[in-house]
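What follows is the residue order along each chain.
2 protein chains.
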Amino acid sequence: MSSIRIALAQIDTSVGNLEANAAKVLDYSRRAGAQHATVVAFPEMTLTGYPIEDLALRATFRKAAWDKANEMATTLEQEGLGQLYVVVGTIGTDHGNGKPRNRLVVLHNGQVWAAYDKHFLPNYGVFDEFRIFSSGDRSVVLDIEGVQVGVAICEDIWQDGGPVAAMANQNIDLLLTINGSPYEEGKGHVRTELAARRAAEVNAPIVYLNQVGGQDDLVFDGASFVLDTDGALLERSPMFMEDLSFIDIDTELEHQQQSTIAAMPDPDEEVYTACVLGLKDYMAKNGFKGVTLGLSGGIDSALVAAMAADACGGENVWGISMPSMYSSDGSKDDAADLATNLNAHYEIQPIEPLFKAFQQQLDLQGVAAENLQARIRGVIVMAKSNSQGVLALATGNKSELACGYSTIYGDAVGGYAPIKDLFKTKVWQLSRWRNAAAAEGMGIGGLHIVGNEQGNAGVMPESGVIIPVNSIEKAPSAELRPGQKDSDSLPEYNLLDQVLAAYIEHAHGRADLIADGFDEATVDTVMRLVDRAEWKRRQYPLGPKVSALAFGRDRRLPITNAFRE
Amino acid sequence: MSSIRIALAQIDTSVGNLEANAAKVLDYSRRAGAQHATVVAFPEMTLTGYPIEDLALRATFRKAAWDKANEMATTLEQEGLGQLYVVVGTIGTDHGNGKPRNRLVVLHNGQVWAAYDKHFLPNYGVFDEFRIFSSGDRSVVLDIEGVQVGVAICEDIWQDGGPVAAMANQNIDLLLTINGSPYEEGKGHVRTELAARRAAEVNAPIVYLNQVGGQDDLVFDGASFVLDTDGALLERSPMFMEDLSFIDIDTELEHQQQSTIAAMPDPDEEVYTACVLGLKDYMAKNGFKGVTLGLSGGIDSALVAAMAADACGGENVWGISMPSMYSSDGSKDDAADLATNLNAHYEIQPIEPLFKAFQQQLDLQGVAAENLQARIRGVIVMAKSNSQGVLALATGNKSELACGYSTIYGDAVGGYAPIKDLFKTKVWQLSRWRNAAAAEGMGIGGLHIVGNEQGNAGVMPESGVIIPVNSIEKAPSAELRPGQKDSDSLPEYNLLDQVLAAYIEHAHGRADLIADGFDEATVDTVMRLVDRAEWKRRQYPLGPKVSALAFGRDRRLPITNAFRE
Numbered sequence: 001m002s003s004i005r006i007a008l009a010q011i012d013t014s015v016g017n018l019e020a021n022a023a024k025v026l027d028y029s030r031r032a033g034a035q036h037a038t039v040v041a042f043p044e045m046t047l048t049g050y051p052i053e054d055l056a057l058r059a060t061f062r063k064a065a066w067d068k069a070n071e072m073a074t075t076l077e078q079e080g081l082g083q084l085y086v087v088v089g090t091i092g093t094d095h096g097n098g099k100p101r102n103r104l105v106v107l108h109n110g111q112v113w114a115a116y117d118k119h120f121l122p123n124y125g126v127f128d129e130f131r132i133f134s135s136g137d138r139s140v141v142l143d144i145e146g147v148q149v150g151v152a153i154c155e156d157i158w159q160d161g162g163p164v165a166a167m168a169n170q171n172i173d174l175l176l177t178i179n180g181s182p183y184e185e186g187k188g189h190v191r192t193e194l195a196a197r198r199a200a201e202v203n204a205p206i207v208y209l210n211q212v213g214g215q216d217d218l219v220f221d222g223a224s225f226v227l228d229t230d231g232a233l234l235e236r237s238p239m240f241m242e243d244l245s246f247i248d249i250d251t252e253l254e255h256q257q258q259s260t261i262a263a264m265p266d267p268d269e270e271v272y273t274a275c276v277l278g279l280k281d282y283m284a285k286n287g288f289k290g291v292t293l294g295l296s297g298g299i300d301s302a303l304v305a306a307m308a309a310d311a312c313g314g315e316n317v318w319g320i321s322m323p324s325m326y327s328s329d330g331s332k333d334d335a336a337d338l339a340t341n342l343n344a345h346y347e348i349q350p351i352e353p354l355f356k357a358f359q360q361q362l363d364l365q366g367v368a369a370e371n372l373q374a375r376i377r378g379v380i381v382m383a384k385s386n387s388q389g390v391l392a393l394a395t396g397n398k399s400e401l402a403c404g405y406s407t408i409y410g411d412a413v414g415g416y417a418p419i420k421d422l423f424k425t426k427v428w429q430l431s432r433w434r435n436a437a438a439a440e441g442m443g444i445g446g447l448h449i450v451g452n453e454q455g456n457a458g459v460m461p462e463s464g465v466i467i468p469v470n471s472i473e474k475a476p477s478a479e480l481r482p483g484q485k486d487s488d489s490l491p492e493y494n495l496l497d498q499v500l501a502a503y504i505e506h507a508h509g510r511a512d513l514i515a516d517g518f519d520e521a522t523v524d525t526v527m528r529l530v531d532r533a534e535w536k537r538r539q540y541p542l543g544p545k546v547s548a549l550a551f552g553r554d555r556r557l558p559i560t561n562a563f564r565e
Numbered sequence: 001m002s003s004i005r006i007a008l009a010q011i012d013t014s015v016g017n018l019e020a021n022a023a024k025v026l027d028y029s030r031r032a033g034a035q036h037a038t039v040v041a042f043p044e045m046t047l048t049g050y051p052i053e054d055l056a057l058r059a060t061f062r063k064a065a066w067d068k069a070n071e072m073a074t075t076l077e078q079e080g081l082g083q084l085y086v087v088v089g090t091i092g093t094d095h096g097n098g099k100p101r102n103r104l105v106v107l108h109n110g111q112v113w114a115a116y117d118k119h120f121l122p123n124y125g126v127f128d129e130f131r132i133f134s135s136g137d138r139s140v141v142l143d144i145e146g147v148q149v150g151v152a153i154c155e156d157i158w159q160d161g162g163p164v165a166a167m168a169n170q171n172i173d174l175l176l177t178i179n180g181s182p183y184e185e186g187k188g189h190v191r192t193e194l195a196a197r198r199a200a201e202v203n204a205p206i207v208y209l210n211q212v213g214g215q216d217d218l219v220f221d222g223a224s225f226v227l228d229t230d231g232a233l234l235e236r237s238p239m240f241m242e243d244l245s246f247i248d249i250d251t252e253l254e255h256q257q258q259s260t261i262a263a264m265p266d267p268d269e270e271v272y273t274a275c276v277l278g279l280k281d282y283m284a285k286n287g288f289k290g291v292t293l294g295l296s297g298g299i300d301s302a303l304v305a306a307m308a309a310d311a312c313g314g315e316n317v318w319g320i321s322m323p324s325m326y327s328s329d330g331s332k333d334d335a336a337d338l339a340t341n342l343n344a345h346y347e348i349q350p351i352e353p354l355f356k357a358f359q360q361q362l363d364l365q366g367v368a369a370e371n372l373q374a375r376i377r378g379v380i381v382m383a384k385s386n387s388q389g390v391l392a393l394a395t396g397n398k399s400e401l402a403c404g405y406s407t408i409y410g411d412a413v414g415g416y417a418p419i420k421d422l423f424k425t426k427v428w429q430l431s432r433w434r435n436a437a438a439a440e441g442m443g444i445g446g447l448h449i450v451g452n453e454q455g456n457a458g459v460m461p462e463s464g465v466i467i468p469v470n471s472i473e474k475a476p477s478a479e480l481r482p483g484q485k486d487s488d489s490l491p492e493y494n495l496l497d498q499v500l501a502a503y504i505e506h507a508h509g510r511a512d513l514i515a516d517g518f519d520e521a522t523v524d525t526v527m528r529l530v531d532r533a534e535w536k537r538r539q540y541p542l543g544p545k546v547s548a549l550a551f552g553r554d555r556r557l558p559i560t561n562a563f564r565e
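Chains as they are written, first to last, in UniProt numbering: chain C, 1 to 565; chain S, 1 to 565.
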């Protein structure tokens, strides 16, 4: 036989939650079996969740993952699914040095079969794998009903050489790679171009299976795909949703038959959805049903509130307006309109009496007095978070966080910051997109996203608008003193965001920035702001390390670690 | 000629501050030259400071470091010190892949001479070097006036194989290793045992030169040393102080002559001094002249205040007593006594009026009301920090941080947490040691530490006691509700600290902890507390990553980065 059916199980796992991840693998395996799949493939580190950071170092966790894989193989066989080849990611142990390994196993005929260990361990950007794992040192080709399937894990196809290069002359029929590839704007093209190169290198079609969902501060977009030997797109799974798709591979055909190709969202929808999915999964994996945040009437808190309503429904959003003596009437109205549009809870807590009580004791001036206002608001938001059991959201955007244009323990409080990686200009752009999407019929909660039923258009506000137009159009202000505007302290955002992108994202130094064409005064202003902000951020406690392992730097356990053994 | 004099320049550098580091290298080189040294050796990454994390990735910084090394070589020659061999650590660039390298260069005869690049790049615990640097691939033996000096950088001697192994048959006369080895309790013995093994391996004496001082959340203890071929101790520099020591190496002698051997502090003094040095250098490198903190009358804030007074003098410590309706008279008296002993500024800010103002609006119950008290205190401490320009200190210890027994944005506020890596039992132990040291004549500021003049005994309090005995002896309480005691929520600290050490420092899982002999109920309590605290700590904002580089995980610039190009 020279034809097999592969099921692409693009699922959302949870770090440390072996039970839930295993249950999901069984569920998708049953569905794949019912559709006569030969193979069902799951993402990198399916069983353990990904990325698991230092949880990998706990030996009892590795043992539990091993036991769980065996238990699943048994269950599948008992249910009559023994003949299915279930490809799952998990954790192994290096018998040489005792270090963990990032492993792919196959559950088949009641056994845990054929292990492949990830060869290239990424250690740049958000990745820390070289620190945790040891490298596999051999390539693996599975014989699945006569079809030769080479396997790889994520980074293995991003580097030249290694196990994929070793397969180039092995006449394989298919390259199957399982991935935990985090979302980045525009990364989809990079992945397909790379995969096309590897398909050519091994002279076979490639299946690229990616994880979906938010995990801690990463978002995985899914968008799994299959390319033919010549790079032609045969299948694409949707972005941001769990999915089970199928592809038939017939080794006797020169070109494989196309399967379903999901449409891609437009660029603004893509980024907006990534932010909402990150928040939604952060809430789900940490057990939060609702959120609270301060609503200032400004654009940042408005966009965050809209994202929150899209993630958990307006009825689970607790907005607090906290006007001071410097808040304009317009701001208060905009905050109220927003809450109405979102059908969010809304309360007003004026901070003036509290500010006066503090000032009677402390008599602060200047920045200290401005920070006091923001910190009183922080206390109120956290009080709501504690008493209601809801997650506090921080509303800072990337431009203001980069420049330190926020108050530590003030407006910066919160357990999750949905727009911390969006420049201010992008905040405006996504706000406009969200209103445009509403105009085209996308109500609150109507995003195409994990957990949303297909065809659910969401709840449309009576006004037809999500974010008050006034919040988008007016000049931004922190309103911490009379007549204050962001532009008093910062360059115009159009310019600022360009300098920040070059300085932060591309590590351009002063000379580089001037060569980029920015004027010297602006460069010096921005560099001073960013470096000062870096320093301000350290108002969160550091401390000395005096014993083998301290907290912080070297205890990198993920938060949503559900493993309790 | 077969005899050379080596100067061990154990200095305290500052990350990113090329000017200051270069000035210090020149100063010590002049002093070494005046004492007829042939070679003067400085620590790992002397010029750049260490660890520099992502600053290494900025090309303009690497260029500036290269220019500075050349400028120094020229200056040394112009001053008539061209014949001196000045061994300094710096940063280089890999001509193959453009990645930074951790480099050792020799300044000699006006040139930057003979580069050796670190081979083994540690990537465990606090180290991240594999992420940043590429590896050197050759060993280097310097011919210094006929004496064959093999060189290595830090981790190169911690791993078997590599450049040191390559020197085993090269008949070298001396192995010189420059280091940035962070302090850990009891690490001194580990270093000397390891160095003795390497001396035997290369059949030559070994010079182990270490950095001293605090940098971000690491403390380097210095304690450089020289061992003879047979492992005999020939020289030891003091811990926690800058130092210039000399050793003569005569290749015609079978055993080298001993030089000065500094005395070592006792174990409690060692840990206490490490904490004070960490704080002192954090202040110096971030430009803080004073500190502020809440003084509750309890042992944690008392020990932190004593450390602060030892770091910067009691006159630069601003203590704030913030009693509530639940604070005992004893606590208030203990706080006042402490301030008197330390000659610290002391003010009283009762929180009851502020608490009432909030409660009139919010009417909080239970934990939310308890947290409100702590957060009002946090606002007051930060107001003092902002208006006075002083560093806020967090007073949490490792036991309570591990168990989440603190309020986020409340007592946890501050820019530096001097005792965050000390278990509660150690807090008591060090407090007793500090009083005992005072009884033996060590006044405030009298520690043997970077920047303290030799023979300065410090200022003795009139009472002869630093920390009020009552703060040490009484049962610990957060005093957030009537009659509250830590033991209501936590196991007794003697037991708790043992379980925490096994769980956190040795990654023992539940089964391991029970096998360690701890009873099941205690193990479950502690695991639940620690895992919950891990979750609570994430009330600091995370957010999704949607672009090439975000903040947080992948912007790991060190704080005390003084480089502004």
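Everything labelled a hint here was simulated from the structure, so no lab data went into it.
Mixed in with the good hints there might be a few duds.
If several chains are the same, the list does not tell them apart, and a pair holds so long as it fits within one copy or across any two.
What the hints assert, rightly or not - Here are the simulated lysine-lysine pairs, DSBU-like style, with alpha carbons at most 35 Å apart:
(1) Lys356 / Lys187
(2) Lys99 / Lys289
(3) Lys485 / Lys99
(4) Lys356 / Lys485
(5) Lys356 / Lys24
(6) Lys187 / Lys99
(7) Lys63 / Lys356
(8) Lys332 / Lys63
(9) Lys24 / Lys485
(10) Lys356 / Lys332
(11) Lys187 / Lys24
(12) Lys474 / Lys68
(13) Lys24 / Lys332
(14) Lys356 / Lys68
(15) Lys332 / Lys187
Going down the list of hints, with the structure as the test:
no.: 1; hint: Lys356 / Lys187; in the structure: neither (51 Å within a copy, 53 Å between copies)
no.: 2; hint: Lys99 / Lys289; in the structure: neither (38 Å within a copy, 45 Å between copies)
no.: 3; hint: Lys485 / Lys99; in the structure: neither (54 Å within a copy, 42 Å between copies)
no.: 4; hint: Lys356 / Lys485; in the structure: both (24 Å within a copy, 34 Å between copies)
no.: 5; hint: Lys356 / Lys24; in the structure: neither (55 Å within a copy, 50 Å between copies)
no.: 6; hint: Lys187 / Lys99; in the structure: both (31 Å within a copy, 23 Å between copies)
no.: 7; hint: Lys63 / Lys356; in the structure: neither (58 Å within a copy, 53 Å between copies)
no.: 8; hint: Lys332 / Lys63; in the structure: neither (56 Å within a copy, 52 Å between copies)
no.: 9; hint: Lys24 / Lys485; in the structure: neither (51 Å within a copy, 44 Å between copies)
no.: 10; hint: Lys356 / Lys332; in the structure: both (20 Å within a copy, 26 Å between copies)
no.: 11; hint: Lys187 / Lys24; in the structure: within (27 Å within a copy, 47 Å between copies)
no.: 12; hint: Lys474 / Lys68; in the structure: neither (56 Å within a copy, 49 Å between copies)
no.: 13; hint: Lys24 / Lys332; in the structure: neither (46 Å within a copy, 57 Å between copies)
no.: 14; hint: Lys356 / Lys68; in the structure: neither (59 Å within a copy, 54 Å between copies)
no.: 15; hint: Lys332 / Lys187; in the structure: neither (40 Å within a copy, 59 Å between copies)
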